[in-house]
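Chemist: Next come the chains, spelled out residue by residue.
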Amino acid sequence: MSVASQDTAIRTGRVTRTLIYVVLILFALFYMLPLYVMVVNSVKPLSEITGGGMMNLPREFTLEPWFKAWSSAQIGVEPTGLSPYFWNSIKMVVPAVAISTVLGALNGYVLTKWRFKYDTIIFGLMLFACFIPFQIVLIPMARMLGLMGLAGTTWGLALVHVVYGIGFTTLYFRNYYAVFPTELIRAAQIDGAGFFQIFWRILLPSSGPIAVVSIIWQFTNIWNDFLFGASFAGADSQPMTVALNNLVQASHGVKEYNVHFAGAILAAMPTLLVYIVAGRYFVRGLMAGSVKG
Amino acid sequence: MGFLDIDNTTKAYGSVEVLHNVDISVQEGEFLVLVGPSGCGKSTLLNMIAGLEEITSGEIRIKDQIMNGVHPSKRNIAMVFQSYALYPNMTVGQNITFGLEMHGTPKPEREKAMHEVAKLLQIEQLLDRKPGQLSGGQRQRVAMGRALVRNPDVFLFDEPLSNLDAKLRVDMRTEIKKLHQNLGTTIVYVTHDQIEAMTLSTRIAVMNGGYVQQLGTPQEIYDSPANIFVATFMGSPAMNVIPATVRMQNGVPQAEISLHDDSKSLLPFSQANLAAWKGKDILLGIRPETITDIDGADRKSSNIAQMTNRIVVTEPAGSDTFVSMQLGGKDVIARMRSDAEVRAGQDFEFAVNMEKAVAFDPQSEDRIAP
Amino acid sequence: MAHTADADFKTRLQNWIPKLVLSPSIAMMLVFVYGFILFSVYLSFTDSRLLPSYGWVGLENYSKLWRLSHWEVSLKNMGIFAGLYIVICTSIGLGLAIFLDQKIRGEGLLRPIYLYPMALSFIVTGTAWKWFLDPGIGLENVMHTWGWESFEFNWIKDRNFAIYTVVLAAVWQTSGFVMAMFLAGLRGIDNEILKAAQMDGASNWNLYRRIIIPQLRPAFLSAFVILSHLAIKTFDLVIALTGGGPGRATELPATFMYSYTFTRNQMGIGAASATIMLMTIAAIMIPYLYSELREKR
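Protein chains in written order, with the working numbering: chain A, 1 to 293; chain B, 1 to 370; chain C, 1 to 297.
Among the hints, erroneous ones may be present.
Stated by the list, open to error - Calculated pairs, SDA-like style, for lysine to any residue (alpha carbon to alpha carbon, straight line, at most 25 Å):
1. Lys130/B / Asp171/B
2. Lys130/B / Gln197/A
3. Lys19/C / Arg115/A
Stated by the list, open to error - Pair ranges (Cβ atoms, derived):
4. Pro246/C / Gly149/A: 37 to 45 Å
5. Ser15/B / Met148/A: 43 to 51 Å
6. Gly152/A / Arg49/C: 19 to 27 Å
No wet-lab data here; the hints were simulated from the structure.
Just so it is clear, CB atoms sit at the ideal spot from N, CA and C, and this is done for glycine as well.
All chains, full assembly: derive it from the sequences and hints.
Modeler: In C-alpha cells, the structure reads:
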C-alpha cells in the first residue's frame with residue numbers, strides 16, 4: 001500500500017483493459033467470499049442457513065448468534081461462550097508482543113551498530129529459528145514448561161511466543177538499523193553518550209515505523225497461533241483460536257452454524273481491525289520476512 | 001614531542017594490515033590534512049585518533065596522554081562527519097549541546113556556549129529547527145558548531161565538504177580556513193580532494209595503500225613530490241610524467257625525450273646530481289604550468305629550455321588554455337595563458353621551465369632529483 | 001601514564017554491554033531452539049511412548065515410521081498439497097500482480113482485499129470454508145435451492161478430493177501475499193529498460209516474457225521458499241477444515257506428528273517424523289538464508 005504507482009511504460013488496448021478489470025474484480029469477489037459468508041450468516045437465524053440460504057442476505061436480522069458465541073456457547077464442558085478465551089488471548093498477546101519487540105530492538109541495535117565476531121552467524125541462527133517446524137520443539141517445550149512450573153498457564157504461552165518471535169523482531173530491527181547511518185552513532189559516542197543513551201536518545205526516536213511493523217506482526221502471529229495454544233494451554237488458559245476450534249468441532253448437539261460464524265468473526269476481529277487500521281505496516285512486515293529488507 | 005603524536009601506529013583487520021607504521025607528529029595549532037584516494041587508510045587513521053577504531057599496534061598520544069583504549073568521549077576531541085551526522089530527532093540547539101549534556105555540563109552553561117557558537121557560525125536563527133529542514137551548507141555549519149562548542153584539543157574532520165555542491169564547497173573551504181586562523185585550533189582533516197588539501201593545510205600527509213607516501217608542507221609536496229604517486233595525485237591537471245634518457249652535455253645532465261615525430265629533444269636539468277644516471281632511463285616530471293609559450297615563461301627562472309612540438313588538441317578553459325601533445329609516447333598537457341595563440345595541428349615553440357622539473361627512478365618510482 | 005589503563009573501566013564496560021544485552025536472546029535461542037531440536041532428535045532414537053524415555057533403540061522408530069501407511073498417506077498428501085499450492089499460488093500471485101501493475105484505477109482498494117486473508121487465523125479461515133463447502137448447508141445446498149437440482153459438490157466429504165479443498169483454502173489465504181511480493185518486484189524494475197525494449201519493438205507479451213518475468217527471479221525464489229515452508233508447516237488449516245479426514249484423506253506430516261505424539265502416545269515415532277520435517281525445511285531454508293545474509297554484507 002505504500003508502493004507509489006509509477007509511470008508504467010506498458011500500454012494496453014481497450015479490450016485487454018476491460019478483461020483485466022473483469023479478472024481483477026472476480027478475484028476480489030473470491031477473496032471477499034468467505035468474509036461475506038461469515039458476516040451474513042452470523043446475523044441470521046439457524047433455520048435460514050439450514051434452509052439453503054447461506055448465500056442470501058438475512059431475511060430476519062438477529063444479533064443473537066453473536067451474544068451466544070460471546071457469552072453462552074458451549075466450549076468444551078462449560079457454557080461460557082468465547083469471552084474468557086478472548087481475555088486469555090489478550091493476556092498472552094500483550095506481554096509476549098511487548099517483550100519480543102523490546103528484545104528485537106535491542107538485538108537489532110547490537111547486531112548492526114556494535115558488531116563483533118560471529119555476529120552474522122548468531123543472527124543467522126536466530127533467523128533460522130523462525131522457520132523451523134515447531135513440531136520439533138513441542139515435546140521438550142512441554143517438559144520445560146513443566147519444570148518451570150508454567151505448564152498450562154498464560155505466562156507459559158507468552159514465554160513460548162517470546163522465544164519463537166525474537167527471530168522475526170530481530171530481523172525487522174536489524175534490517176531497519178542497518179541503513180541507519182553509523183556516523184550518527186559515532187558522533188554520539190564522541191559526544192559521550194553510552195550504549196543505552198545512544199539507543200534511547202538517537203535510535204529509538206527514529207524507530208517508530210519499524211516498531212509498529214514489529215508489534216503488528218507479532219500481534220497477528222501470536223493471536224492467530226493455534227499449535228502452541230493447543231499443545232501447551234490448560235483448560236482455563238486456552239487462547240481464542242483453540243476455543244473457536246473446540247466450538248466448531250464439538251460433536252454433540254445441534255450444529256449452530258450462525259454461532260460458529262459469529263465466533264469466527266470474534267476471533268478474527270482484533271487482527272482484522274489492526275489490518276484495516278495499519279495494513280501498510282502489516283504488509284511491510286510480511287515482505288521483510290520474505291524478500292530483501 | 002608534539003601536541004598530537006601518532007607513533008609507529010598500525011591497523012590490521014585479522015591478518016590484513018591496512019595501515020603500516022604511521023608516524024606523524026602534529027604541533028599545536030597545526031592544520032594537518034590526510035589526503036589520498038579512497039581505501040588509502042586516511043579515514044581509518046582518523047577514526048583511530050577519534051577512538052572509533054582500535055589501534056592494533058603503536059601509540060596515539062594527545063598532549064602526552066596515551067589514548068590507546070581511551071573512550072572517544074574522554075579524548076577531548078570533536079569530529080565533523082562527512083554526512084554531518086546530525087541527530088534527526090533533535091533541534092539544531094539540542095544537536096549542538098548534546099555533547100555538553102552527556103558530559104554533565106549544567107544547563108545555563110550549555111545555553112551560553114550554544115549561543116556563542118551559534119553567533120560565531122551565524123546560525124542563531126536556526127537553533128529551533130530540525131536538521132531535516134536545513135540546507136546542506138546550514139547542516140555543515142551546525143556540524144561544525146557541535147564540534148566547536150566542546151572546545152576540544154583536536155578537531156577531526158572527515159571529508160566534511162564532499163556532500164556540498166561545487167560553489168558551496170569553495171565558500172565553506174574559505175570559512176573553515178578563517179575559523180582555523182581565528183581560533184588557532186589543532187585540526188586533522190581527511191579529504192580525497194587535493195585542492196582542499198593544498199588550500200587548507202599547514203602540512204599534508206599524502207597516503208596510499210596504507211602508507212604515508214609523503215609528509216610535508218603544501219609547497220614541499222607540490223614542488224618536490226617524493227614519488228610518482230604523490231606527483232600525479234597532487235595537482236590538477238596532474239604532473240606530466242615523461243619517459244626520458246639522461247645524457248651529458250658540457251657536464252650538464254640533459255633529459256632526452258622523443259617528440260611527436262620521434263625526433264629527440266634535449267632539456268637540460270638544473271641539478272647536477274644526475275650524472276650517475278648517465279645513459280639510463282628515467283621518468284621526467286613536469287607540471288603543466290611549467291610548459292608554456294615563450295612569452296609566458298617564468299621570468300624568474302634561470303633555466304628555460306625550448307622545444308618545438310606538434311599540438312594535438314587545445315582546450316580553452318577561460319582563465320587558461322590547456323594544450324595537449326605527445327612527448328615520449330605519452331599524452332602531455334601544457335597550461336598556457338588564455339591569450340596564447342595556439343591551434344591543433346600546429347608545430348609550436350614551447351618553453352619548459354626546467355628549474356621546476358623533477359626526475360624519478362622508473363623502477364622504484366621514487367624521486368632522484370632534485 | 002599507566003593510569004589510563006584502569007581509568008577507563010567505563011570504556012571496557014561499554015565494550016561488554018552489547019554482548020550482555022544480546023546474551024538473554026542468545027541463551028533462549030540456544031536452549032529453546034537448538035537445545036530442543038537436539039533433544040527431539042535424540043528422542044527419535046529412543047523408546048519414548050507416553051513420556052520421554054531414554055532407552056536407545058537406534059533407527060527403529062524411523063524404520064517403523066516408513067512402514068506406517070498413515071505416514072505414507074501424509075507424505076503423498078503433502079506432495080499433492082505442496083505441489084498444487086505452490087504452483088497455483090505463484091500463478092495467481094504473478095497474474096494478479098501483472099494485472100494490478102497496469103495503472104489500475106482502484107488499485108488502492110483491490111490490494112488490501114487480496115491481502116487481508118493473511119491477517120486471519122487459519123482456524124477462522126478453516127471454519128468459514130468448512131461450512132461453505134459442506135454439501136449439507138453450503139454451496140451444494142444453495143445451488144439446489146436456487147433450482148440447480150443436479151449440482152454436486154461434496155469434495156470435502158470425498159476421500160479422493162478432500163485434499164483439494166485444503167489446497168483451495170490455503171491458496172485463498174496466501175495468494176494475495178504472493179501477489180504483493182511479485183508486485184514489489186515489478187515496481188522495482190527500471191522503467192527505462194521497458195521503454196528501451198518498446199523502442200526495440202517488443203510487444204507486451206514479449207516484454208513480459210523476455211524482459212520483465214526473467215527479472216523477477218528473486219521474487220520467484222522468495223515465493224517458492226516461503227510457500228514451501230508454509231506448506232510443510234500447514235497444521236491449523238487442516239485441523240479446522242477437515243480434522244485430517246475423511247478417514248486419513250487430508251492427513252499431513254504436521255498432523256501426523258501431533259496425533260502420534262499427543263494422542264497415540266508414540267512419542268518416539270512422533271519425534272522421528274518431526275525430525276524429518278525439520279530436515280526438509282532446513283534443506284530449503286538454509287541455502288536461502290545463507291545467500292540472503294551473504295548479499296547483505
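Chemist: Next step is simple, just say for each hint if it's right about the structure.
Modeler: Verification of the hints:
1. Lys130/B / Asp171/B: 23 Å, holds
2. Lys130/B / Gln197/A: Since the Cα atoms of Lys130/B and Gln197/A sit roughly 20 Å apart, the hinted pair holds (cutoff 25 Å).
3. Lys19/C / Arg115/A: Satisfied, since the Cα-Cα distance of roughly 10 Å is no more than 25 Å.
4. Pro246/C / Gly149/A: 37 to 45 Å: 41 Å, holds
5. Ser15/B / Met148/A: 43 to 51 Å: Given range 43 to 51 Å: holds, Cβ gap about 46 Å.
6. Gly152/A / Arg49/C: 19 to 27 Å: 22 Å, holds
Against the hints set out earlier in the document, no violation occurs for any number.
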